[in-house]
Amino acid sequence: MTRPQSPHDIVTFMKKVVAAEARIPDTSIDEDKSFHQFGLDSISSIYLLEKVENEYNVTISPLYFWDYPTLRLLASQIFDENFRQP
Amino acid sequence: MNLWAPLDQENIRNPFPMYATLRREAPVYKSQTGEWIISRYADVKTILKDPRFRSGNKLEWINRGITYFKSKDQDLSAIASAITSFLLLINPPEHTRIRKLITSVWNDREVDQTILENVDSLLNIKSEDNTFDIVEDFARPLPNMTICKIMGISMEHYQHLTTLSNNLVKILNLYNSFKDLVRIDSAARDFISFFRELLDIKKQRPDNDLISKLIVANASEREPLSDDALISVFIFLFIAGQETTIGLVSTSLLTLSKYPSQLNTLAGNPELMPNAIDELLRYDGPVHLLGRIASENIELGGHCIKQNDTVTLCLASANRDSRHFENADILDITRQPNRHLAFGSGIHFCLGDWLAKRQGALAIQRFLEVYPTYSIVDHTLQWNDNLSIRTLKHLSCRV
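First to last, the protein sequences are chains A and B. Using my numbering, you'd call the opening residue of the first sequence number 1 and step up by one each time. Using my numbering, you'd call the opening residue of the second sequence number 1 and step up by one each time.
It is worth saying that the hints were derived from the structure and are not from the lab. A hint or two may mislead.
[Stated by the list, open to error] In silico lysine to any residue, SDA-like type, Cα no more than 20 Å apart, as pairs: (1) K33/A with K149/B; (2) K30/B with Q37/A; (3) K149/B with T114/B; (4) K100/B with L392/B; (5) K393/B with D228/B; (6) K30/B with L300/B; (7) K70/B with A20/A; (8) K15/A with H36/A; (9) K179/B with Q37/A; (10) K357/B with L300/B; (11) K100/B with T255/B; (12) K179/B with E55/A; (13) K170/B with A22/A; (14) K15/A with T255/B; (15) K70/B with A22/A; (16) K70/B with Y64/A; (17) K51/A with S71/B; (18) K30/B with S42/A; (19) K16/A with L300/B; (20) K179/B with L40/A; (21) K170/B with I60/A; (22) K179/B with I43/A.
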């Protein structure tokens with residue numbers, strides 16, 4: 001289990017998962033593009049969220065994939081909810 | 001701002017304001033997930049009766065999921081095997097055939113005696129401090145005890161099956177996490193092996209119970225169902241009435257406690273019970289959401305629902321639609337007519353409606369006789385975070 005220092009850490013982690021799923025290099029992933037543009041859907045989203053949950057020991061609502069539909073938005077939400085210092 | 005937030009804690013506690021907003025502002029709403037959310041009575045009813053909207057979005061989805069997760073070395077295939085013949089997920093002609101098979105043998109409606117015995121045995125258990133958890137002590141065990149008796153399952157299994165049923169039914173949740181799917185798969189596996197064993201026993205020594213009757217009737221069909229399909233039918237019959245009856249009994253007792261004068265009227269006039277049950281089903285019945293898939297492009301309320309789009313029908317919202325019901329947000333146990341959609345409509349109309357109503361009526365009636373002055377002590381109610389079938393986790397009362 002890791003503790004992210006910023007939303008950016010979560011973005012970096014998710015990039016790896018999304019890149020592997022989409023079979024493209026991490027560097028070509030734009031964090032402001034929607035997950036759908038990388039071919040993720042209601043099934044692969046479950047895999048992505050599971051990876052993130054296990055990496056950071058958090059629980060993520062399955063709906064967040066749609067409520068926060070880009071890497072940047074989702075990472076910020078997860079960070080704010082679990083790791084933001086008051 | 002998304003109008004569709006079914007996992008939001010506020011909406012889990014009370015989804016009716018969200019439904020009201022949807023009905024008012026966007027009755028045919030394309031949500032962030034891509035599914036259409038339908039919230040008005042007329043639209044929900046139209047879709048339920050329209051064969052172009054087929055059932056089974058969950059089954060199609062899980063089959064795709066199984067293929068996907070296989071590539072991640074995770075086997076979830078038991079889920080599909082367990083639910084493959086669930087009536088609410090299948091379409092004609094298969095649906096017609098299985099529904100006919102069940103109704104041909106499920107004709108013994110004399111279940112009052114069984115239900116009353118179960119109700120009385122549960123109501124006799126009371127803690128020393130006069131508190132009673134309506135969910136755990138009453139609403140949860142009751143339907144399970146009853147269906148075990150109907151299906152010919154020995155009572156020693158009922159605790160174990162309650163847990164499995166509670167886990168497997170989560171497959172009907174709108175959105176599941178990976179951990180949910182793993183738990184569901186494990187419950188599916190255990191259910192299948194339990195019923196496979198029972199199938200073998202009942203094949204050799206058929207009795208007078210529903211499982212035996214199904215086995216016998218199936219054997220004389222021109223094209224009998226396979227053992228696997230039959231096992232899925234058993235699982236369906238077992239779990240279909242579980243969470244729903246838990247919800248009906250406990251939510252109804254909660255609702256009635258908020259309307260003391262109607263509660264008194266009902267306690268003094270048990271003949272009002274059948275009508276009251278229909279009103280309690282309308283007011284806050286257990287099944288809030290149902291899914292459908294569009295088989296072709298369909299025009300609805302000025303929107304084009306495209307072929308293969310998923311449609312989520314908010315039954316509980318339709319039942320509070322003031323375009324159809326007068327004073328829709330107020331409970332009225334004498335309401336008539338009351339054409340609520342709590343059991344759906346069309347070919348998928350709930351097969352167990354009579355059992356649900358009968359069990360609900362007897363349970364509530366006896367409860368009011370035994371504990372006429374019950375008062376709810378839970379002030380922060382805990383709901384399960386699933387709007388598809390909405391149930392309380394606990395409901396403590398003083399009796």
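Status of each hint after checking the structure:
This hinted pair does not check out: K33/A and K149/B have alpha carbons roughly 56 Å apart, beyond 20 Å. For a cut-off of 20 Å, the pair hint linking K30/B to Q37/A stands: about 19 Å separates their Cα positions. Restraint check for K149/B and T114/B: satisfied, since their Cα atoms lie roughly 8 Å apart, inside the 20 Å limit. Between K100/B and L392/B, the direct Cα distance comes to roughly 34 Å. Violation of the 20 Å bound is thereby established for this hinted pair.
A threshold of 20 Å between alpha carbons decides the hint, and for K393/B with D228/B the separation of about 33 Å lies outside it, so the pair is violated. At roughly 12 Å between alpha-carbon atoms, K30/B and L300/B fall within 20 Å of each other, so this suggested pair holds. As the CA atoms of K70/B and A20/A are separated by approximately 16 Å, the hinted pair is consistent with the 20 Å bound. For the hint linking K15/A to H36/A, the alpha-carbon distance of about 14 Å falls within 20 Å, and the restraint holds.
Under the criterion of a C-alpha separation no larger than 20 Å, the hint pairing K179/B with Q37/A is inconsistent with the structure, at around 26 Å. A threshold of 20 Å between alpha carbons decides the hint, and for K357/B with L300/B the separation of about 33 Å lies outside it, so the pair is violated. For the proposed pair K100/B and T255/B, the alpha carbon gap of about 36 Å is over 20 Å, so the pair is violated. Between K179/B and E55/A, the direct Cα distance comes to roughly 14 Å. Compliance with the 20 Å bound is thereby established for this hinted pair.
Using a Cα cut-off of 20 Å, the hinted pair K170/B and A22/A is violated, with the two alpha carbons roughly 29 Å apart. With a CA separation close to 48 Å, the supplied pair K15/A and T255/B exceeds the 20 Å bound. Among the hinted pairs, K70/B with A22/A is consistent with the structure: their alpha-carbon atoms are about 17 Å apart, no more than 20 Å. This hinted pair does not check out: K70/B and Y64/A have alpha carbons roughly 24 Å apart, beyond 20 Å.
With a C-alpha separation of about 15 Å, the suggested pair K51/A and S71/B falls inside the 20 Å cut-off, and the hint holds. Our distance criterion of 20 Å between C-alpha atoms is met by K30/B and S42/A, whose separation comes to about 16 Å. Between K16/A and L300/B the alpha-carbon distance is near 41 Å, which puts this suggested pair outside the 20 Å criterion. Proximity of K179/B to L40/A is assessed by CA-CA distance (about 19 Å); at most 20 Å being required, the pair is judged to hold.
Between K170/B and I60/A the alpha-carbon distance is near 17 Å, which keeps this suggested pair within the 20 Å criterion. Taking the CA atoms of K179/B and I43/A, the gap is near 13 Å; set against the 20 Å cutoff, the hint holds.
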